[in-house]
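Chemist: Sequence:
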Amino acid sequence: MRKKIIFLDIDGTLMDFTGELPESARTALCRAKAEGHQLVLCTGRIKAQIYRELLEMNFDGIIASAGAYIECGGREIYRHTAAPDQLARLVDYFEKTRTTYMLQTEQGVVMTERSRKAMIRHFTDMGMTEEEMEKVMVADIFLREDLRSCPDVEKMAYYDAPVSMEKIQEVLGEYFKVEGASYKSGEGSNGEITCAGENKATGIRRYVSFVGGDMAATVGIGDGPNDGKMLAETAIAIAMGNASDDLKAVADHVTADVDKDGLFKAFKWLQVI
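Residue 280 in the working numbering sits at position 262 of the sequence shown, and the numbers go up by one each step.
Everything labelled a hint here was simulated from the structure, so no lab data went into it. Accuracy of the hints is not assured; some may be wrong.
As the list claims (entries may be wrong) - Straight-line Cα separation of at most 30 Å, DSSO-like style, residue types lysine-lysine; simulated pairs:
no.	residue 1	residue 2
1	Lys283	Lys21
2	Lys153	Lys51
3	Lys51	Lys278
4	Lys266	Lys278
5	Lys195	Lys135
6	Lys283	Lys153
7	Lys21	Lys286
8	Lys185	Lys266
9	Lys195	Lys153
10	Lys195	Lys266
11	Lys153	Lys135
12	Lys153	Lys266
13	Lys135	Lys185
14	Lys135	Lys114
15	Lys51	Lys286
16	Lys278	Lys21
17	Lys185	Lys195
18	Lys266	Lys283
19	Lys185	Lys114
20	Lys266	Lys51
Could you build all of it, start to finish, from the sequences and the hints given here?
Modeler: As structure tokens, then:
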């Protein structure tokens, strides 16, 4: 069998929304790797927010920050960060609208104290304890009161905005791309913000080019809003059972939910295990 390069989202695909890796998913990953297929994490999370147990599984590559960071075999091969003037404009807008937001950097998550307290309320309203929230967040949170000059920002996220995602996109303009968040809950809109032109599809192309691979051998598996471009880019597209209907509509195959052996069943359908 021709060896495949499989790009895997994390939240809602590999891990459930409480941060647990189903045992069947672990089995599928180990068996596919033993068969010689390349496994690449492809996530909206910054690397510092990737669960340690996944990092310890020695994936062949990592595409993090929705394409703004790429590594292969433990070696960084690409990184893109937001321009300082554009970042300052975004921060000013979120402060003016009192939106809860975080900046995602190489070192971890950077927030104001106001946003940290509001984020805790957001997750507790979802039924999470603060300890459960910290488990899902993974990375350290660094507090700063002025985020306009924060360095090395690869990506941003916001919660409970008092305006729509469309309005935020309109205000931020063409430099940024605003998409819905994987975690859908709370009052107002929740989303992820990347620099335009940095997404999972561009990350996949850069990774495949670096390893001298063939796009015809690629597989994308995901469930969230930022997985749309990934599934459109890879030769085979698989949506999780818990994915949105629009993502399922463009997939070649829809597997079961993340907590119902979805990844294992997807790998069986692919015949990589």
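Chemist: Confirm or reject each hint.
Modeler: Now for the hints, and whether the structure bears them out:
Annotation: proposed proximity of Lys283 to Lys21 holds, straight-line Cα distance about 18 Å (limit 30 Å). With a C-alpha separation of about 27 Å, the suggested pair Lys153 and Lys51 falls inside the 30 Å cut-off, and the hint holds. For the hint linking Lys51 to Lys278, the alpha-carbon distance of about 21 Å falls within 30 Å, and the restraint holds. Distance restraint check for Lys266 and Lys278: the Cα-Cα separation of roughly 17 Å lies within the 30 Å cut-off, and the hinted pair is therefore satisfied.
In summary, the hint linking Lys195 to Lys135 is supported, as the alpha carbons are separated by about 26 Å, within the 30 Å threshold. Using a Cα cut-off of 30 Å, the hinted pair Lys283 and Lys153 holds, with the two alpha carbons roughly 27 Å apart. Simply put, Lys21 and Lys286 have alpha-carbon atoms about 14 Å apart, close enough for the 30 Å limit, and the pair holds. For the suggested pair Lys185 and Lys266, the alpha carbons sit about 26 Å apart, so the restraint of at most 30 Å is met.
Distance restraint check for Lys195 and Lys153: the Cα-Cα separation of roughly 27 Å lies within the 30 Å cut-off, and the hinted pair is therefore satisfied. With a CA separation close to 22 Å, the supplied pair Lys195 and Lys266 stays within the 30 Å bound. Note on Lys153 and Lys135: the hinted pairing holds, with a Cα-Cα distance of about 17 Å set against a maximum of 30 Å. Restraint check for Lys153 and Lys266: the C-alpha separation of about 29 Å stays at or below 30 Å, so the hint holds.
Between Lys135 and Lys185 the alpha-carbon distance is near 24 Å, which keeps this suggested pair within the 30 Å criterion. Distance check on the hinted pair: Lys135 and Lys114 sit about 17 Å apart at the alpha-carbon level, within 30 Å; holds. Distance hint between Lys51 and Lys286 is fulfilled; the C-alpha atoms sit about 14 Å from each other, no more than 30 Å. With a CA separation close to 26 Å, the supplied pair Lys278 and Lys21 stays within the 30 Å bound.
The suggested pairing of Lys185 with Lys195 holds, with an alpha-carbon distance near 12 Å, which does not exceed 30 Å. For the hint pairing Lys266 with Lys283, the CA-to-CA distance comes to about 16 Å; that is within 30 Å, so the pair holds. Proposed proximity of Lys185 and Lys114 is supported: the alpha carbons are some 14 Å apart, at most 30 Å. Between Lys266 and Lys51 the CA atoms are separated by roughly 26 Å; this keeps the pair inside 30 Å, and the hint holds.
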